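Chemist: Chains as they are written, first to last, in numbering that gives the first Met the number 0: chain Y, 0 to 341; chain S, 0 to 414.
These are calculated hints, taken from the structure and not from any lab test. Errors might be hidden in some of the hints.
Quick list of in silico lysine to aspartate or glutamate cross-link-like pairs, DMTMM-like style, CA-CA up to 20 Å [claimed, not checked]: (1) Y:321 to S:338; (2) S:116 to S:300; (3) Y:151 to S:53; (4) S:268 to S:290.
If you want a taste of the chain Y side facing chain S, the calculated C-beta under 8 Å gives, among others [to be verified]: (5) 151; (6) 222; (7) 313.
These numbers were taken from a predicted model, which means no experiment stands behind them. A virtual CB, placed ideally from N, CA and C, is assigned to each residue, including glycine.
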Amino acid sequence: MTLPISVVNLAEPWWVGIIKAIVIFAIGLQLIPIILLLERKLLGRFQGRYGPNRVGVFGLMQPLADIIKLATKEGFRPRTSVAFLFMIAPAISILTAVATLAIVPFGNTVDIFGTEVGLYGIDPSIGILYAFAFGGIAFYGLMLGGWASGSKYSFLGSMRSAAQLISYEISQGLALVGVIMMAGSLSLTEIVEAQSVQGWFIGPQIVGFMIFLIAGFAETNRAPFDLPEADAELVGGYMTEYGGLGFVSYYFAEYLTMIIVSALTVTLFLGGWELPFGWYTPGWAGPFVVLGKTLLIILLFIWVRATLPRLRYDQLMTLGWKILLPLATLNTLVTATLLVTT
Amino acid sequence: MSEAQVSDYRKLEESITLGHIQNEDRLSSELLTLNIGPHHPATHGVLRLIVTLEGEIVRDIKPVIGYVHTGIEKTAEQKAYWKVIPVVERMDYLSYYFNAQAFCGAVETLAGIEVPKRAQYLRVIHLELNRIMSHLVWLGTSALDLGAMSMFWYCFRERDAILDLFEMSSGQRMHTRYFQVGGVFEDIPTGFEQRLRKFIATMPERADQYADLLEKNEIVLQRLRGICPLDEQTLLDLGVTGPLLRAAGNPWDLRKVEPYSSYEDFDFKIPVGTVGDNYDRYRVRHAEIYESVKIIEQALDGLPEGPTITEDRKFALPPRHELATSMEALIHHFKLVTEGFRVPEGECYYPIESPRGELGCFIRSDGSSKPARVHMRDPSFSNLQATAPMCRDSYIADLIATLAMLDPVLGGIDR
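Could you put together the complete structure from these sequences and hints?
Modeler: Written as structure tokens, this is what we have:
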């Protein structure tokens, strides 16, 4: 039985929270360079080339070299930009991404040296809403960044991201209503536990899973929905004018969002920390299972990026409003009907 | 801002009149002028487009060219005929064999030089290889503009195989200067035929794979089908030739209409489109790859024996061994290397079918060893005029895709 946030926080000593925050933050951030390298290596293989292999063994030091290069760059700001917003926008992006990382459950409560510790940052009773709230705020990072740059390319990029946000958040949210109804809770840990009883939600909620994943691609601005930063049209979209650390922040936020969307997909549809086929999962193995499954979803993201071209602005809107939204609504209705009647 | 501080760009931006744009009933009445290029990843060179946008919709386009103007035509007037070849090769840097063929063909017509059959066939082989190479670059970069980035590497893999072949026959991968006035520079080396056969055996397979990757993808189809069509008559009025015109249904191809360099010996088809949208433009070029492979195969099978350059010592260098024994050969050699050959007075326009359309070379000779005037009708230049009528009132993403489908090479446009 998982307790609501107020109770859990009381049950855990205050220092556990601090340690958890540090550990989760460290692991989450360590994942980014690994995934960066993995993506570049895999893209290389997809495209019949090697990928980075010069810096360090197998190119392992490449992300570090990139970051050092970018961090030592001169900070540049266009004359027409709005200084305060220009500086704060990348911070908003990365802050919201990191905040969402806190609710990803890596395992159930385990006993560590006699202390009951939940393997998650926090477990709010409104888990999914928390994720959506921060996902919504994250777009302020893109929009403000694009607008404050004072460049037309950035401006167009931020307009596109705003349009993308409203087209996809609704379908994404509606796609999850089925899951919430089946689990009877918004708390992510309870949703995972419901899956251990009812089976993984990817089965009954396959439509919801698809919509959530497609909307996830749109939320993370990855191909085929990378319109806000369509390099062929808008050069770099909202981050055209950013260089150095501002660029690093956006880049990190993008990859962190990708990790989070993957982890949320795992939590909501793929049984979280449970192993498949009903195998017994010891408490300590939970984080590894979650990370493994997340990695698989990330591989899907990379594969899609190597394969699919970009949609056009209006086609993206059409897909969001005319296909995904009715489908998500239908999915919700059918799930509700089945739940009530059976 | 004072008048002096207003940049030239800003002046140009403000000089654009938008009187013809009707947007009274629209919610968003504000127009945005966006400068694309000359340094922009999707302009395929240093093309600059001044685009007027209403939201994401393009209302007007003004292409600005001239950023790689090199004065090649003027330079050609200062050089002996045979020294002009490497200069004109550098105009349209993706179809250097075609540039050389247009120039050499014009000189040969003016001077009345008979090109040996073997040289003509070798020219055809290299021209068609060059056509495939050019189309591969076009396909790769167009797919990249659509966002399908892996295609770029797949296309460049095959392009590299072609460049290897060029290196084998002429020692250079680009700007080979393989074609000479009167024939080709050298016979193909041993092993070239074998490698070429291997290449033409794999190329259709690869082209099938490209088609599988692109034509079976719903996103690609949505991005290409029915996008920015232009009817045949408008294209003809604008002087557009090549795959763009053929995509609109007009089977105009100079290889068939006015065969040069023995093209009448080969059996090949002219792919044409139906409506002239981006999808047709893609299909026509893609189908041309197969036809080029067919031509190369026939030319290789029927490659006649014989000399690879004209026997006329007034125009072609004598073989090395003759220099030691023949006084006349020595004189010819000396004259050709120091002064070059003289071309009789007259004018000539020699058009060929380049990967982008009609590439014509006009030469006026005053009887000396240097051309009095060289002018190239570059297809990219004429084709670029069709950008505005094609892309008006379409999305900016389609503008980029259409520009890619136009396949302009700025080196050829600016010359």
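Chemist: Next step is simple, just say for each hint if it's right about the structure.
Modeler: Against the structure, the hints:
Under the criterion of a C-alpha separation no larger than 20 Å, the hint pairing residue 321 of chain Y with residue 338 of chain S is inconsistent with the structure, at around 73 Å. Only pairs whose Cα atoms come within 20 Å are accepted, and residue 116 of chain S paired with residue 300 of chain S is accepted, the gap being roughly 14 Å. Note on residue 151 of chain Y and residue 53 of chain S: the hinted pairing holds, with a Cα-Cα distance of about 13 Å set against a maximum of 20 Å. Straight-line distance between C-alpha atoms of residue 268 of chain S and residue 290 of chain S comes to about 7 Å, which keeps the hinted pair within the 20 Å bound.
Because the closest C-beta pair between residue 151 of chain Y and chain S is about 5 Å apart, less than 8 Å, the hint holds. Using the Cβ-Cβ criterion of 8 Å, the hint placing residue 222 of chain Y at the interface with chain S is satisfied: the shortest such distance is roughly 6 Å. Hint on residue 313 of chain Y holds. Least Cβ distance to chain S is approximately 6 Å, under the 8 Å limit.
Violation of the numbered hints given earlier is confined to hint 1; every other hint is satisfied by the structure.
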